[in-house]
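Taking the hints into account, I'd like the entire structure generated from these sequences.
In the order they appear, the protein sequences are chains A and B. Start counting the first sequence at 1; every next residue gets the next number (the UniProt record's numbering). Start counting the second sequence at 1; every next residue gets the next number (the UniProt record's numbering).
No wet-lab data here; the hints were simulated from the structure. Be careful, since some hints might not be right.
Unchecked claim - In silico BS3-like pairs for lysine-lysine, Cα to Cα no more than 25 Å straight-line: (1) K34/B / K15/A; (2) K15/B / K15/A; (3) K53/A / K133/A; (4) K34/A / K187/B; (5) K34/A / K157/B.
2 protein chains.
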Amino acid sequence: MSGEAAPGTFAAGFKDGWYRELSSLWPGTGMSLKVEEVLFQGRSDFQGVAVVKTESFGTVLILDGAIQCTDRDEFSYQEMIAHLPACALGRAPRRALVVGGGDGGVLRELSRHASLEEIHIAEIDGMVIDTAKKFFPQMALGYSDPRVKVHVCDGIKFVQDAEAGYYDLIVVDSSDPVGPAEVLFQKPFFEALHRALAPGGIVCTQAESLWYHLEIIKSLAAMCAEVFVGGAVQYAFTTIPTYPSGQIGFMICTKASPDAVPLDARQPRQPVPATPAAQSYPPMRYYNHAVHAAAFVLPTFAQEALESSLTKF
Amino acid sequence: MSGEAAPGTFAAGFKDGWYRELSSLWPGTGMSLKVEEVLFQGRSDFQGVAVVKTESFGTVLILDGAIQCTDRDEFSYQEMIAHLPACALGRAPRRALVVGGGDGGVLRELSRHASLEEIHIAEIDGMVIDTAKKFFPQMALGYSDPRVKVHVCDGIKFVQDAEAGYYDLIVVDSSDPVGPAEVLFQKPFFEALHRALAPGGIVCTQAESLWYHLEIIKSLAAMCAEVFVGGAVQYAFTTIPTYPSGQIGFMICTKASPDAVPLDARQPRQPVPATPAAQSYPPMRYYNHAVHAAAFVLPTFAQEALESSLTKF
Numbered sequence: 001m002s003g004e005a006a007p008g009t010f011a012a013g014f015k016d017g018w019y020r021e022l023s024s025l026w027p028g029t030g031m032s033l034k035v036e037e038v039l040f041q042g043r044s045d046f047q048g049v050a051v052v053k054t055e056s057f058g059t060v061l062i063l064d065g066a067i068q069c070t071d072r073d074e075f076s077y078q079e080m081i082a083h084l085p086a087c088a089l090g091r092a093p094r095r096a097l098v099v100g101g102g103d104g105g106v107l108r109e110l111s112r113h114a115s116l117e118e119i120h121i122a123e124i125d126g127m128v129i130d131t132a133k134k135f136f137p138q139m140a141l142g143y144s145d146p147r148v149k150v151h152v153c154d155g156i157k158f159v160q161d162a163e164a165g166y167y168d169l170i171v172v173d174s175s176d177p178v179g180p181a182e183v184l185f186q187k188p189f190f191e192a193l194h195r196a197l198a199p200g201g202i203v204c205t206q207a208e209s210l211w212y213h214l215e216i217i218k219s220l221a222a223m224c225a226e227v228f229v230g231g232a233v234q235y236a237f238t239t240i241p242t243y244p245s246g247q248i249g250f251m252i253c254t255k256a257s258p259d260a261v262p263l264d265a266r267q268p269r270q271p272v273p274a275t276p277a278a279q280s281y282p283p284m285r286y287y288n289h290a291v292h293a294a295a296f297v298l299p300t301f302a303q304e305a306l307e308s309s310l311t312k313f
Numbered sequence: 001m002s003g004e005a006a007p008g009t010f011a012a013g014f015k016d017g018w019y020r021e022l023s024s025l026w027p028g029t030g031m032s033l034k035v036e037e038v039l040f041q042g043r044s045d046f047q048g049v050a051v052v053k054t055e056s057f058g059t060v061l062i063l064d065g066a067i068q069c070t071d072r073d074e075f076s077y078q079e080m081i082a083h084l085p086a087c088a089l090g091r092a093p094r095r096a097l098v099v100g101g102g103d104g105g106v107l108r109e110l111s112r113h114a115s116l117e118e119i120h121i122a123e124i125d126g127m128v129i130d131t132a133k134k135f136f137p138q139m140a141l142g143y144s145d146p147r148v149k150v151h152v153c154d155g156i157k158f159v160q161d162a163e164a165g166y167y168d169l170i171v172v173d174s175s176d177p178v179g180p181a182e183v184l185f186q187k188p189f190f191e192a193l194h195r196a197l198a199p200g201g202i203v204c205t206q207a208e209s210l211w212y213h214l215e216i217i218k219s220l221a222a223m224c225a226e227v228f229v230g231g232a233v234q235y236a237f238t239t240i241p242t243y244p245s246g247q248i249g250f251m252i253c254t255k256a257s258p259d260a261v262p263l264d265a266r267q268p269r270q271p272v273p274a275t276p277a278a279q280s281y282p283p284m285r286y287y288n289h290a291v292h293a294a295a296f297v298l299p300t301f302a303q304e305a306l307e308s309s310l311t312k313f
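So this is what it looks like as structure tokens:
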């Protein structure tokens, strides 16, 4: 190879033994990780896939140049995006769907919930699944649960084709709204999610950083409020060092139920699940009921920007 | 100059128009900011001082290579380290002391509290004060309050020499526990803080990141519990993109009062202060009473590590 590597690739950010994560989504700033070994570099039909071993964060998955998860801090994101909606539900969930989430971490967290009878995943990129199974066994163990059914397909089409009212719980574990995941931040997808949810059901989507993407979040919240009429739209966040700005948030939308008022997702209603008996399951390390409630408390600048779009309780 | 710049200096991290913040306190990882202009580089008797204009975080103060504050996100740290203790107090504070904090941001926040009659600051490095007044007017406006008295001196000696029981509130706005601030994390200093506090008074100290420095925090909490006998030792944190891992915490210690049970600092008791009439005062953008309570809710991994040292309520 010669010349400059293309922007938005692993090669563009890898220099002198360090990987620096640059993107138009966080201009003028970038997280760097010291790389001990490049374990894998490939390109699927959808994106660039890289796996590196780092000095301080263990093994790291990088898609189109963006850090997706690291051994050391992935538990924060995976636990929160799964248990915030699962524990907010008014009833123990029976059927769950993950859109994206090919690394398996959300599956691992959902599979802690004994009430679930079916856990579907619609991941567009089979290379992400294969990569997780090879390099991230502690996340990919979610795939070993017999309730999990894997669909390697377009997540939007999968949700549009789903039986109306089928899912109690949908987790959208997408990458950033550039590249293949862009459509996962748009109205047709949220209309399909709303349709696929049972009354009183909840969808929780990856929804960027309050510090870097307040305008994106504001637009997303306003769009969700148009779709989840009679239900609720709320926002929560978690801390995680290797995501831009050190935190990432979630849009949590509840579908109206004819026989109940909209749920306030700030209140956990389901117990914290026990660690499954399988020896390889790690204990939960981030989520608890106090963290659940606190995750919805926003700094004043974010509260003021979003309050007109979020549901008031 | 020739050869490699010394570690722990601005020059060591500045390359190709970017500043990368490296330190033994966060090995193998580093935040990078794109620099538009180097506004100042100097060396005081205590540390290297640099000021740069960045593409996305405005003007940035860097001491011994570590990012201290940026125009864009300093309000999070300054508001939280000042108002968490000020609003937790059982009575409106009359006398406050800032140790360190030469940039003036904590003074700005404390000066919002109308009940304060005296606000002392003991900053060891006059160059930091001069630099703030020149390059960070929105922080340095704290110095314009007539209740503020500036002492350019060793903070430990100042606290040791203070009248016993004089202060309702002490904020220790230190840099990291390497270099000049190392002693500000040690027992003799905390014994002096305890002595200088009035019964029921509170000290709030910069106390690093739960994600990167859990062992330092654990030792600090255990030491504080030895000093604040009969009082309380608690931990809270705030989000801030340009500090390592995207968050920073505070050790909040309350001195026992003979006529009251120890205060639980999680509960705000004083009103959120109004913005002073002076036109240059910005509105508060992070702290509110809900944020106050939520700041003490720790992720499970941190709660489990610290619970034996922190006060139970």
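Structure-based check of all given hints:
no., hint, in the structure
1, K34/B / K15/A, "16 Å, holds"
2, K15/B / K15/A, "12 Å, holds"
3, K53/A / K133/A, "16 Å, holds"
4, K34/A / K187/B, "35 Å, violated"
5, K34/A / K157/B, "40 Å, violated"
Comparing the model with each numbered hint stated earlier shows that hints 4, 5 do not hold.
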